[in-house]
Amino acid sequence: MFKDRFQVHITGTIKALHSQYPNANIQYQIIAQPPWKVLFGAASGITQTALRSSTQTFGHQQVFNQLFQTQFVKESRNPLGWPVMVFSVFTINSALVESLIGYGVIRIPLENGQTNMKVPLFRPILQSNKVGINPEFVNAAILATSVQRGHIQTKSEGSWIEVEVGVVVF
Numbered sequence: 043m044f045k046d047r048f049q050v051h052i053t054g055t056i057k058a059l060h061s062q063y064p065n066a067n068i069q070y071q072i073i074a075q076p077p078w079k080v081l082f083g084a085a086s087g088i089t090q091t092a093l094r095s096s097t098q099t100f101g102h103q104q105v106f107n108q109l110f111q112t113q114f115v116k117e118s119r120n121p122l123g124w125p126v127m128v129f130s131v132f133t134i135n136s137a138l139v140e141s142l143i144g145y146g147v148i149r150i151p152l153e154n155g156q157t158n159m160k161v162p163l164f165r166p167i168l169q170s171n172k173v174g175i176n177p178e179f180v181n182a183a184i185l186a187t188s189v190q191r192g193h194i195q196t197k198s199e200g201s202w203i204e205v206e207v208g209v210v211v212f
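Numbering (our numbering), first residue to last: 43 to 212.
Hints were generated in silico from the structure; no laboratory data involved. Every value quoted in this text rests on a predicted model; they were computed, and no experiment measured them. Any given hint could be a false lead.
To be verified - Within a straight-line C-alpha distance of at most 25 Å, the following computed DMTMM-like cross-link-like pairs (lysine to aspartate or glutamate) qualify:
(1) 57 / 140
(2) 197 / 153
(3) 57 / 199
(4) 160 / 199
(5) 160 / 140
(6) 79 / 117
(7) 160 / 206
(8) 79 / 206
(9) 197 / 117
(10) 57 / 206
(11) 160 / 178
(12) 57 / 204
Let the hints inform the model, and build the full structure from the sequences given.
Have a look at this one:
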């Protein structure tokens, strides 16, 4: 009965954000396309707001050490729709207004084991930015499908997230 069942157990830690911003929080989503289903665990979450610290070794960084754990199941041996992790990183200014630092996307590794990843951040740009606003996605989950994001213009300012992902496939 379960010979065609495919399960992926994902654990990990959002370790740190490397950026020039004084404070930040990270929202994350683990997205798998249908027919994948969440078996247990949270498929999304948010970190606490962390303040920037500077060291000679690491430069400017915010340390989070936020743990996550999710298990997906699919009734097939085909890995189509494999889980993707989408990050949305925000800073809070002195008026307590959140503004976007950037988005990051990683594919969950296909093999068992622990993997340390450096996730570069990017944000969308407008063709004509006469208003002076920074655009944001209404739903960052659009970034999980490469087909829908093909014509989005983006830019990066060199910020990145340090993530450790553990995968067990069975």
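For each hint, the structure was consulted:
1. 57 / 140: holds (21 Å)
2. 197 / 153: Distance of about 31 Å is beyond 25 Å: violated.
3. 57 / 199: It holds: about 20 Å lies between the C-alpha atoms, which stays within 25 Å.
4. 160 / 199: holds (15 Å)
5. 160 / 140: holds (24 Å)
6. 79 / 117: It holds: about 9 Å lies between the C-alpha atoms, which stays within 25 Å.
7. 160 / 206: holds (9 Å)
8. 79 / 206: With Cα atoms ~23 Å apart, residue 79 and residue 206 stay inside 25 Å; holds.
9. 197 / 117: With Cα atoms ~38 Å apart, residue 197 and residue 117 exceed 25 Å; violated.
10. 57 / 206: holds (7 Å)
11. 160 / 178: Holds. Residue 160 to residue 178 sits at ~22 Å (cutoff 25 Å).
12. 57 / 204: Holds. Residue 57 to residue 204 sits at ~5 Å (cutoff 25 Å).
In this structure, the earlier hints numbered 2, 9 are contradicted, and the remaining ones agree with it.
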